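Visitor: Listed below are the residues making up each chain.
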Amino acid sequence: MSILSVENISKTFGGLMALMSVSFSVKQGEIYGIIGPNGSGKTTLINCITGFIKPEAGKVYFRGSNIRGWPAHKIARAGIARTFQVMRPYYSLPAYKNLIIPLWSPRARAIGGWRGGGKHGDRDTVAVDILEEIGFERDSRVPYKMASTLPTGYLKRLELARCIALRPEIIFCDEVFSGLSASEVAGMLPLIEKLKMEGITLIMVEHRLKELFKVADRVMALQFGEKIAEGHYKEVIADPRVKEAYLGSEEV
Amino acid sequence: MEARRKERIDRGIKVRSEGIYVVSSLKEMLYVAGPRVFLMAGLLLLPLVLEMAPYWKRVVNIMCVYGLLAISFDFLANIVGLVCLGGAMFIGVGGYMTAIFNVYLHCPVYLAIPLAGLSGASICTILLLPCLSLRGVYFAIVTLMYPLLFTRIIEALNILGGTNGITGLDSFPNQYLENYVIIILLLVFLFGLRRLMDEDIGLVLRGVKDNDQSVRASGINVTHLKALAVFIASFIGCLGGAYLAHLYMWAGLSLFALDFSIIPIAAVTIGGGGSMLGAVIGTFILVPLSEFLRFFGTFRIVIYCLILTGFIVFKSEGLLPYFARKYDQFERWAKI
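Protein sequence lines, in the order shown, are assigned to chains L and G. Numbering-wise, the first sequence is residues 1 to 252 according to our numbering. Numbering-wise, the second sequence is residues 1 to 336 according to our numbering.
These are computed hints drawn from the structure, not numbers from a lab. Owing to the predicted nature of the structure, the values given are computational and were not obtained by experimental measurement.
Pairs of lysine to aspartate or glutamate residues, derived as DMTMM-like cross-links and limited to a Cα-Cα distance of at most 20 Å, are as follows:
id	chain 1	residue 1	chain 2	residue 2
1	L	K74	G	D212
2	L	K227	L	E56
3	L	K145	G	D200
4	L	K27	L	E169
5	L	K196	L	E169
6	L	K59	L	E7
7	L	K145	G	E18
8	L	K234	L	E244
9	G	K209	G	E199
10	L	K74	L	E169
11	G	K27	G	D10
12	L	K27	L	D217
13	L	K196	L	D217
14	L	K54	G	D212
15	L	K54	L	E226
16	L	K145	G	D10
17	G	K326	G	E28
18	L	K145	G	D198
Please work from the sequences and hints to get the whole structure.
Guide: See below:
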């Protein structure tokens, strides 16, 4: 049973075909990777599905209803959360206060934030719980620091924490590993696995292929807005078109 | 000579009076409540102190109207991120609405002013609704345009009294009521908005300024939030306008004057933005200053501008952050 199925999504920017009839579907509880060289349309695909830009054609079915053309906040309210590649925390707020906003949102208030807490007030405690879960040391001062003073590693986690606070069914992770050290990524992998265990579907756009392949069930490769391969990562990296996309063709 | 630098350290009493520990002693409670009580008591006693100077009582009234406009500007610009030059629009719409209720529909003053606030805020919000997706200077231009539009429409169609305005509004029953209505309105909205900022919805509104994309990604309708904020701000402004119309017993085109848009901005710049309190302190300096300078005749504007420039150059952070720092922290020289 697929929770999200995308059919023939197309998007042009002026004369540039950013996405050409991309289709894929994701099963519930799966970790689905999207890879591709720079400019291949990965982030555009996320933006189209989550409603931040409007695709020209195609359909996006989430739990059977077509959500293409819905405004972004309505899609998020339905249960599709996303992180931003260029991190977008609330810089003027302390880290834990960043989570008050998703916890206050109608969706989180209806079902309660993280494990049902925070349904009736006391969102601060729930916010610190989520941050602890995601690797902010509870007893340190880090959760209470201003977001503008946090290093990249924490900001990436904060992006993911904001999604978790929304209690989503699907999380789109737009390069959450980039800019992190190998040990930081290693610290985040168990968290990804844990989210999967809780039944959350993850769709991860990633350049750090080695780490992605450790967790991803299936992978899709994009190039110039077209889907060129899909399947288990071993099949995908063995595909000649994927090799060509990453390494260039042989004839010069 | 060894290198030294100034360092700032929180005063002991500030640390001791944080959170729940404030109730531990009277001194700590006074430390926290002192500035607020001083402001409230000072403002409430002002009409009594100025008993012998009726002209200055009038100045206090005008000052409080500008205070309302300044907190409404500060709230929209520094919390929600909508730079709104609509002070003149709020004052004008509020003033004309109360004139309509009072003169045409014969509502008494105490009913006309709240009704004008609500209906005026609804009108302003509906008019600004199409522009809410604009940001920064574009929103400012639209809000600056509306008062001009209203003036021209009233002139051209000769409605609502035309260039003469609507006369014959009821005045307040007595002088004290006239003073205290506006003083209490100002205090209620000042502390009300500050309380709102501490609530979760205040954080969400701050989030809209900081990063509206993330707010949308959290499943919150940003346009609704902005409309709510504009309603709150224009409600405050329209109440000020309605009060002003009853004070002058007249609603005319001068209620759409540009001063109502510009002076609040200057006040927030002087007092320091984002806290609402700074905006009020700014108006309490600017408006009486402008009255004092009448003594200089036409030279007044030059001196006014020089003082304003002086504030901006030498205390660019704003007076409130400066005084708050002096109150909470001390400085000392430290060896590096």
